[in-house]
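Chains U and C, in that order, are what the protein sequence lines are.
Residue 190 is where the first sequence starts when you use our numbering, and the numbers rise one by one after that.
Residue 190 is where the second sequence starts when you use our numbering, and the numbers rise one by one after that.
Keep in mind the hints are simulated off the structure, nothing from the lab.
Hints are not guaranteed to be accurate.
Which copy? The list can't say, so a pair holds if one copy fits it or any two copies do.
[Stated by the list, open to error] Calculated cross-link-like contacts (lysine-lysine; reagent style DSS-like; alpha-carbon spacing at most 25 Å):
| no. | residue 1 | residue 2 |
| --- | --- | --- |
| 1 | Lys-459 | Lys-203 |
| 2 | Lys-459 | Lys-661 |
| 3 | Lys-630 | Lys-620 |
| 4 | Lys-667 | Lys-468 |
| 5 | Lys-617 | Lys-350 |
| 6 | Lys-427 | Lys-617 |
| 7 | Lys-667 | Lys-459 |
| 8 | Lys-207 | Lys-508 |
| 9 | Lys-207 | Lys-613 |
| 10 | Lys-631 | Lys-203 |
| 11 | Lys-225 | Lys-609 |
| 12 | Lys-345 | Lys-613 |
Protein chains: 2
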Amino acid sequence: MFESAELGHKLSDKEFQKIVPDLRVGLLDAQYQLFKDGRFSVIILISGVRGAGKSETVQVLNEWMDPRHIETVAFDAPTDEERERPPLWRYWRALPPRGKVGILFGSWYTQPIVDRVLRTTRRRDMIQSVEEINGLERMLADEGTLLLKFWFHLSKKRQKKRLHDLALDAETAWRVEKRDKHFFSNYDRFVKVSAEILEETSHAHAPWIVVEGTDTNYRYVTAGKTILETLRGRLADKTKPKASDPPPLIPPVDKVRVLDKLDLSLIVPKGRYEEEMDKLQGRLAQLIREPKFRKRTLVCAFEGMDAAGKGGAIRRVAKEIDPRMYRIIPISAPSDEERSHPYLWRFWRQLPRQGRVTIFDRSWYGRVLVERIEGFCTQADWMRAYSEINEFEEQIVRSGGTVCKFWLQIDQDEQLRRFKAREKTRFKQFKITPDDWRNRKKWGQYQEAAADMIDRTSTPDAPWTLIESNDKRHARLKILKTIVNAVEQSL
Amino acid sequence: MFESAELGHKLSDKEFQKIVPDLRVGLLDAQYQLFKDGRFSVIILISGVRGAGKSETVQVLNEWMDPRHIETVAFDAPTDEERERPPLWRYWRALPPRGKVGILFGSWYTQPIVDRVLRTTRRRDMIQSVEEINGLERMLADEGTLLLKFWFHLSKKRQKKRLHDLALDAETAWRVEKRDKHFFSNYDRFVKVSAEILEETSHAHAPWIVVEGTDTNYRYVTAGKTILETLRGRLADKTKPKASDPPPLIPPVDKVRVLDKLDLSLIVPKGRYEEEMDKLQGRLAQLIREPKFRKRTLVCAFEGMDAAGKGGAIRRVAKEIDPRMYRIIPISAPSDEERSHPYLWRFWRQLPRQGRVTIFDRSWYGRVLVERIEGFCTQADWMRAYSEINEFEEQIVRSGGTVCKFWLQIDQDEQLRRFKAREKTRFKQFKITPDDWRNRKKWGQYQEAAADMIDRTSTPDAPWTLIESNDKRHARLKILKTIVNAVEQSL
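The task is simple: from the sequences and hints, build the whole structure.
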């Protein structure tokens with residue numbers, strides 16, 4: 190992995206002076222084009238061994254380009270708000286919007302490598318992290334993000350000399366920390382672990398670029414040229430960046446889908462309903478107050494046909510929970526900031542802190558429902574969403590979250606009855622719009638999309654619960670029971 | 190203050206049952222109207238003595254209204270991200286967007302009251318906090334926010350009984366904490382301090398509503414009715430909420446303004462420039478690395494006519510600073526999320542953490558420059574912006590920030606020369622747009638607005654530095670010197 194980066198590459202000052210002016214103009218020019226057409230974002234990851242000139246390189250890149258459209262983010266110890274969410278949350282919040290460049294310094298690679306070098310994690314944790322990273326980078330590439338991963342390398346001998354030189358010079362001595370000596374003593378292991386992780390994470394859509402860090406001229410120009418050429422290539426390619434076309438989904442030839450098998454005639458009488466509902470609501474409120482829950486989160490997602498009863502069910506779930514502990518996020522059209530980020534960004538930003546509950550009224554599944562049906566995204570986009578979503582939910586679960594997903598199913602007659610009732614009740618009229626009638630005409634398509642969604646995203650960690658919803662009482666009780674059971678099991 | 194809330198108000202169950210159905214329909218109806226027309230946001234503050242039923246009331250409000258459009262936020266101990274910013278930052282980030290209801294539980298009143306009751310702050314700190322609160326609420330009212338401040342009260346006798354009852358009941362005993370007993374022993378002082386703060390913060394635009402908390406029926410209906418009536422009144426009033434019309438600003442009758450007095454012929458020769466610039470940049474980078482700076486922040490704002498050299502100056506300021514430590518925020522049109530919040534929200538959200546630097550390329554002063562001149566806001570809006578801005582900067586300074594504000598002044602000939610040069614350089618062409626030529630025609634208006642801005646917002650804590658910018662070298666050196674001096678003095 191690092192052989193070519195121990196050859197003592199260098200570039201004379203004369204050559205450097207000759208190359209740099211054009212390189213700078215080129216970089217500025219490309220950067221402004223990027224900003225102007227705002228089609229994609231650029232992420233530059235800066236990693237490597239200590240002393241290989243990472244921070245100087247970032248400084249030079251900021252000087253060569255327009256730093257107003259670069260966000261350089263360093264990741265030190267996570268803040269408490271970050272610690273209480275899945276590990277990748279802090280990186281999601283730092284993703285640059287389309288049109289901008291993000292330089293991530295101490296990126297998602299640092300922790301897995303350092304932890305493994307110091308043996309604070311096991312090998313299988315590392316493999317887990319690598320998988321999460323591959324998922325994230327795959328998603329970024331599919332969203333059109335240009336991802337440049339730089340690894341600045343120094344041979345063992347060079348690193349020793351470098352730290353020594355820095356320490357001797359009064360102007361730079363402050364930069365040599367105790368940690369450096371510690372890291373140096375781990376050089377061999379560090380390089381071994383890094384090489385393995387680099388190999389596992391080098392892909393056509395996000396290859397590693399290993400740069401020898403010995404000579405500053407060589408290092409700066411290599412980084413600058415790589416960025417310029419890649420960026421130019423991407424800017425010239427006016428086609429929407431696309432994943433390979435996925436095969437079409439063929440519905441079962443006998444047309445039997447999971448939703449058809451639901452028994453929509455299930456009902457619960459009023460007396461039993463009230464009694465059970467009271468108990469379940471009280472129990473849920475109690476569970477959320479348990480000391481053990483302070484280290485956990487609950488994330489609920491509600492999907493279903495219009496008028497299937499999502500809003501009413503959510504109110505029943507929330508009723509007895511301390512309102513300070515939950516948030517309900519109704520999902521409609523994304524804001525423009527949300528639109529300038531990868532699809533899942535708007536949901537990541539809403540993930541609860543520990544001890545809290547977030548209830549999504551419609552959710553990230555919009556990607557494979559309304560966006561699929563209305564053609565708001567390509568087939569490639571919604572096809573890859575299945576695995577992106579699975580990965581997203583897995584990360585929530587792994588960081589102490591319970592994920593409950595509900596599909597509320599009614600039949601077409603029941604929907605019509607409810608639409609008409611809504612039109613008659615003054616404060617419900619706002620709930621019925623021309624969109625609802627339009628969507629109703631696409632009933633079959635929605636059922637089709639929902640069936641695919643359930644097949645592809647019902648995982649052991651985050652299973653779908655299908656709710657027969659013609660009878661609201663039956664639906665609400667089943668939802669409450671499911672949540673109470675899930676939270677009980679998690680504690 | 191609390192006399193009327195110790196009378197033993199109550200409402201029979203029969204009356205309650207009679208009132209509630211209509212009240213709920215009314216509330217839902219009003220809430221949907223609010224959501225649909227999205228003209229303003231509603232903030233409901235919940236405060237009061239312990240045991241007066243605050244959380245139950247919030248629960249009932251969430252039940253009566255649609256909780257999907259309510260954000261209930263509780264403020265416990267601040268997170269570390271919050272602690273490293275001005276005290277009001279955490280409230281700014283919790284402000285609901287227009288169209289939504291925010292219930293703030295443990296609002297900006299809690300800390301000042303508790304601190305004063307426990308004597309961890311002095312009287313003058315409390316007065317300071319009250320001033321900040323008054324500024325915030327005045328701004329919210331001017332932005333059209335409907336602010337409802339509830340104080341739930343219990344007499345001493347009632348509080349004692351209430352805590353006793355809760356503790357006896359196995360179902361509610363968990364709610365009585367050690368703190369409660371502690372607070373109870375401070376009842377008299379708590380009421381005294383609260384009464385004083387309530388008096389100082391009760392204004393026509395944000396009056397306190399004191400509600401006796403003894404009887405649940407009375408308490409819920411009073412809260413619900415108050416919200417409904419106020420909200421209905423505001424929804425019916427289709428006029429844009431406005432502050433009283435301010436008097437017009439009369440320019441000095443001799444037409445001599447501060448910007449005319451600048452000596453734009455000042456120049457610095459190249460040799461001296463390079464030498465001094467190197468030194469200043471090195472010094473600034475060093476200051477930012479000082480251990481003492483880890484408890485401070487630096488906020489710079491750059492304003493000036495188009496082509497006055499803001500971008501170039503900013504690059505010189507940033508050049509030697511570790512890119513992980515600073516962010517440059519170029520300000521252009523607000524995003525739709527930003528537009529749905531009070532004007533200063535977009536700047537609050539960018540305030541740096543401790544040890545960091547934020548440089549704004551154009552800033553909150555857009556309100557009194559381009560927005561004033563282009564009529565994007567009313568005269569009342571930009572007139573009040575002067576004091577809102579002063580208050581904003583004061584809070585940054587009080588929490589350990591250094592604020593440097595630069596106005597870069599060139600003359601019209603110089604601007605023309607630069608516009609033409611930009612049109613000739615390929616990678617600068619993007620920098621010159623039809624807007625620039627349009628703005629140039631409004632030269633006089635901009636000078637006028639800038640002069641007013643400088644007069645009204647140059648404060649001892651955050652003074653303007655006027656930069657003669659016909660010569661870029663002179664301009665950049667003066668800027669660097671100003672920043673270096675300011676940071677040096679702050680450490």
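Here is what the structure says about each hint:
{"no.": "1", "hint": "Lys-459 to Lys-203", "verdict": "between (87 Å within a copy, 23 Å between copies)"}
{"no.": "2", "hint": "Lys-459 to Lys-661", "verdict": "within (11 Å within a copy, 79 Å between copies)"}
{"no.": "3", "hint": "Lys-630 to Lys-620", "verdict": "within (18 Å within a copy, 50 Å between copies)"}
{"no.": "4", "hint": "Lys-667 to Lys-468", "verdict": "within (13 Å within a copy, 71 Å between copies)"}
{"no.": "5", "hint": "Lys-617 to Lys-350", "verdict": "neither (74 Å within a copy, 42 Å between copies)"}
{"no.": "6", "hint": "Lys-427 to Lys-617", "verdict": "between (46 Å within a copy, 23 Å between copies)"}
{"no.": "7", "hint": "Lys-667 to Lys-459", "verdict": "within (14 Å within a copy, 78 Å between copies)"}
{"no.": "8", "hint": "Lys-207 to Lys-508", "verdict": "between (70 Å within a copy, 22 Å between copies)"}
{"no.": "9", "hint": "Lys-207 to Lys-613", "verdict": "between (77 Å within a copy, 23 Å between copies)"}
{"no.": "10", "hint": "Lys-631 to Lys-203", "verdict": "neither (68 Å within a copy, 48 Å between copies)"}
{"no.": "11", "hint": "Lys-225 to Lys-609", "verdict": "between (48 Å within a copy, 21 Å between copies)"}
{"no.": "12", "hint": "Lys-345 to Lys-613", "verdict": "neither (78 Å within a copy, 49 Å between copies)"}
Taken one by one, the earlier hints fail for this structure at numbers 5, 10 and 12, listed in ascending order.
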